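**Q** Model the placement of chain B on the given structure of chain R, informed by the hints.
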Amino acid sequence: MRDVFIVGVGQTPVGEHWDRGLRELGAEAVRAALDDAGFETADALYVGNMLGGCVNGQENVATLVADAAGLLPVEALKIEAACASGGAAVRAAALAVAAGACDVVVAAGVEKMTDGAPDGVVAGLATAADQDYEASHGMSFVALSALLMRRYMHETGAEREAFAPFAVVAHANAASNGKAMFREPISAEQFARSALVASPIGILDAAPVCDGAAAVVVCSKEAVRARHRPVRVAAASVATDTIALAARSDVLALSAAAVSAQKAFAAAGRGPKDMDLFEAHDAFTIITALSLEACGFAQRGEALRLAAEGCIAPGGCIPISTFGGLKARGHPVGASGTYQIVEAALQLRGEAGENQIKGARRALAQSVGGHGSVAVTHILEA
Amino acid sequence: MDLARYHRLRPAYYRLEGQRCTSCQAVQFPARTTCRICRARTLEPHRLSGRGTVYSHAEVGQAPRGFASPYLVALVQLDEGLLVTAQLTDVDPEDVVIGLPVEMVTRRIQEHGPQGYLVYGYKFRPILRRRKAS
Numbered sequence: 001m002r003d004v005f006i007v008g009v010g011q012t013p014v015g016e017h018w019d020r021g022l023r024e025l026g027a028e029a030v031r032a033a034l035d036d037a038g039f040e041t042a043d044a045l046y047v048g049n050m051l052g053g054c055v056n057g058q059e060n061v062a063t064l065v066a067d068a069a070g071l072l073p074v075e076a077l078k079i080e081a082a083c084a085s086g087g088a089a090v091r092a093a094a095l096a097v098a099a100g101a102c103d104v105v106v107a108a109g110v111e112k113m114t115d116g117a118p119d120g121v122v123a124g125l126a127t128a129a130d131q132d133y134e135a136s137h138g139m140s141f142v143a144l145s146a147l148l149m150r151r152y153m154h155e156t157g158a159e160r161e162a163f164a165p166f167a168v169v170a171h172a173n174a175a176s177n178g179k180a181m182f183r184e185p186i187s188a189e190q191f192a193r194s195a196l197v198a199s200p201i202g203i204l205d206a207a208p209v210c211d212g213a214a215a216v217v218v219c220s221k222e223a224v225r226a227r228h229r230p231v232r233v234a235a236a237s238v239a240t241d242t243i244a245l246a247a248r249s250d251v252l253a254l255s256a257a258a259v260s261a262q263k264a265f266a267a268a269g270r271g272p273k274d275m276d277l278f279e280a281h282d283a284f285t286i287i288t289a290l291s292l293e294a295c296g297f298a299q300r301g302e303a304l305r306l307a308a309e310g311c312i313a314p315g316g317c318i319p320i321s322t323f324g325g326l327k328a329r330g331h332p333v334g335a336s337g338t339y340q341i342v343e344a345a346l347q348l349r350g351e352a353g354e355n356q357i358k359g360a361r362r363a364l365a366q367s368v369g370g371h372g373s374v375a376v377t378h379i380l381e382a
Numbered sequence: 001m002d003l004a005r006y007h008r009l010r011p012a013y014y015r016l017e018g019q020r021c022t023s024c025q026a027v028q029f030p031a032r033t034t035c036r037i038c039r040a041r042t043l044e045p046h047r048l049s050g051r052g053t054v055y056s057h058a059e060v061g062q063a064p065r066g067f068a069s070p071y072l073v074a075l076v077q078l079d080e081g082l083l084v085t086a087q088l089t090d091v092d093p094e095d096v097v098i099g100l101p102v103e104m105v106t107r108r109i110q111e112h113g114p115q116g117y118l119v120y121g122y123k124f125r126p127i128l129r130r131r132k133a134s
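So the sequence lines, in the order shown, correspond to chains R and B. Numbering-wise, the working numbering puts 185 at position 185 of the first sequence, and it's gapless, one number per residue. Numbering-wise, the working numbering puts 106 at position 106 of the second sequence, and it's gapless, one number per residue.
Same shape as in the complex, but just chain R (with noise of 0.2 Å):
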C-alpha cells in the first residue's frame, strides 16, 4: 500500500446556515480544501453525508456536490456511517489513494440540519440505531446515550456534575476558533445546573443541531508539491459492532471504538502514549469518557479521573476536541467526522492559531456512529 497524505484542508464555519444548503456548504468547504492545496480538481470525490434523504430529501448527495463545486465529470460517491460519515469518506480517500487508484483525492462531510422540524431531525438521528427493535419503540438518540451514561453511573458512582470537564474544556477550546458555533465558555456551574433532555442528560451534554462542511484534500507522496506542508495518514481503520445496544455483551465497552483504535494503533507502529492529541466523537459526555476508555487513554471507569485531573485540557497528558469538538464546535453529523480530520491536520502543520498543541506530532481523530455500532479511527503525522 502506498504512503498517504493530507496536503489541503477547507471548512465552513459550523451553525444554522438559513442562506446555504447541501450544495453551497458542501462545494464551499471542497473549493477551499483544493485551493488550500493549489489544485484545480481532484480523481475523486467521496462525501459523507447521512441525512440528506430523510431531513433534506436529497440523496445522490456527492454528485450534488461535485456539480456544485465544478468538479464534474469526476468520480463522486456518498459515504454513509451515520454520524461516522465525515470520517469514513476519509477512510475511503485514503484507501483509493493507497492501493494506487487514484493520486488526489478529495473527502468532505456535509450536513444540513437546519432544513428539518425538529421532531423529523430527531426521528431521522434515531435512523443510526435499530429501526425495528431501538427507534421503533420510541428511542430517541438521546434516550440511548441516557441510557449509557446512567449505567456508566451506577457502575463506577459517579454523579452528573462528574462529566462537566468534558463540556467545559470544549467551549473554552472552541472560544478561538472562528469556525465554531458556540464560543462563549460555560462554567462547571452551568454545566450542572443546566435542563435535562433525556435524563440523566442535560442540554449541555450534548451537542447541538447545525449545519456545516469540511473537506481534506489527500494525495500519495508523488502528488506531494514542495508548497504542501503534508500530513501522513498513518493510519485508517472502522469497525462495527451490533446495531442494537442491547444486544451487546458489554453496553460500556464501546468496541467497535476499541477494535478500530487497537487496528490503527497496530497499523501506525504507535500505541495512546504517543498520541499529542485526541479529536474525540463528544457528541455526549458519556461517548467522550467511553471513547477515552476505549481508546486507552484511560481504564476502565476511569475516564472521569482524567479529566478531573485536567488531562483533557490543552497542555494536559491528551488534549481533546481542540477545536471545540462536537460539543462547541458543532456536530453537523455526517460532516464531524472530516471537521476532526481538518482540525488535527491543523494541530500537525503548526497552524492551529491559538488552538495550538505546542509541539504536536501526532493526532488520534475518532468518529463514532449509532451509539458506537460503527467506528472510524485516523492517526495523523506530521
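The set of hints was computed from the structure by calculation and includes no laboratory data. Just so we're clear, the structure is a prediction, and the values are computed from it rather than from any experiment. Where a beta carbon is used, it is the ideal one built from N, C-alpha and C, also for glycine. Hints should not be assumed to be uniformly reliable.
[What the hints assert, rightly or not] Rough simulated footprint, nothing fancy, chain B against chain R, three-plus residues with beta-carbon under 8 Å:
| id | stretch |
| --- | --- |
| 1 | 122-129 |
| 2 | 150-160 |
| 3 | 246-258 |
| 4 | 262-272 |
[Claimed, not checked] If you want a taste of the chain R side facing chain B, the calculated C-beta under 7 Å gives, among others:
| id | residue |
| --- | --- |
| 5 | Asp119 |
| 6 | Asp132 |
| 7 | Tyr133 |
| 8 | Glu134 |
| 9 | Ser136 |
| 10 | His137 |
| 11 | Gly138 |
| 12 | Ser140 |
| 13 | Ala143 |
| 14 | Ala146 |
| 15 | Leu147 |
| 16 | Ile203 |
**A** Chain B only, in chain R's frame:
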C-alpha cells in the same frame, strides 16, 4: 411503521420470540442467521421469559415523530441474561431504579402509524404482587 414491517415483526413484538442455539444453548434476541456466540446456524425459535430487571433507564423529553413525550425507556435484563430495549409502563418515573423487577406486557407502542393503524408490541412494567393461592 409500514404494514409489511409490522407484519413480519409479529413474533418478536407479540411473543418476545428470539432464538436458541442448539449447539451452544445460547439465547438471542432478535433473530439472526447465525448464533451470536458460536456462529453456528443451528437456531430454533425460542420464546423469552419476559421477566427481568431494569438494567438502565431514561426519560425521553423530546420525542421522535410518531411518539408523544414524556415517556420512560429502559434496557431490561431478562432472566436469561440478555438485554432488551423497551418502554416502561404503569410506573412513575421516580419509582424506577436499576434492579427493579419488571415483566413484559403488550401495549400500544406507536400512537399513530403513517397509514392510520395502531402498532402493538412489548413494554415492561413492575411485576405485580400476586395474591397467594389459598
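**Q** Using the nearest Cβ pair, does Ser140/R come within less than 7 Å of chain B?
**A** With Cβ-Cβ at 5 Å, under 7 Å, it holds.
**Q** At least three residues with a C-beta closer than 8 Å to a C-beta of chain B: is that true for the stretch 150-160 of chain R?
**A** holds (count 3)
**Q** Next item in the hint list is Leu147/R. Is there a CB on chain B closer than 7 Å to its CB?
**A** 4 Å, holds
**Q** With a C-beta cutoff of 8 Å, work out whether three or more residues of the stretch 122-129 of chain R approach chain B closely enough for the coverage to hold.
**A** Held - the stretch 122-129 of chain R has 3 residues with a Cβ nearer than 8 Å to chain B, which meets the minimum of three.
**Q** May I ask you to test the interface hint for Asp132/R with respect to chain B, counting a Cβ-Cβ separation under 7 Å as satisfied?
**A** Holds, because the Cβ-Cβ distance from Asp132/R to chain B comes to roughly 6 Å (cut-off 7 Å).
**Q** Does Ile203/R pass the interface hint, meaning its C-beta sits closer than 7 Å to a C-beta of chain B?
**A** The hint is violated - Ile203/R has no Cβ within 7 Å of chain B, the shortest such distance being about 10 Å.
**Q** Please check whether Asp119/R passes as an interface residue: C-beta within 7 Å of a C-beta belonging to chain B.
**A** 4 Å, holds
**Q** Does the stretch 262-272 of chain R contain three or more residues whose Cβ lies closer than 8 Å to a Cβ of chain B?
**A** That given contact is violated, which follows from only 0 residues of the stretch 262-272 of chain R lying within Cβ reach (below 8 Å) of chain B.
**Q** Let me know if the C-beta of Ala146/R comes in closer than 7 Å to any C-beta of chain B, holds or violated.
**A** With Cβ-Cβ at 3 Å, under 7 Å, it holds.
**Q** Quick check on His137/R please, does its C-beta sit within 7 Å of some C-beta on chain B?
**A** Holds - the Cβ of His137/R comes within 7 Å of chain B, reaching about 6 Å at its closest.
**Q** Please verify that hint: Ser136/R, Cβ, nearest Cβ of chain B, below 7 Å or not.
**A** Constraint on Ser136/R satisfied, holds at 6 Å.
**Q** Is the interface hint for Ala143/R satisfied, with its Cβ closer than 7 Å to some Cβ of chain B?
**A** With a minimum Cβ separation of about 5 Å from chain B (threshold 7 Å), the hint on Ala143/R holds.
Consistency note: the structure conflicts with the earlier hints numbered 4 and 16.
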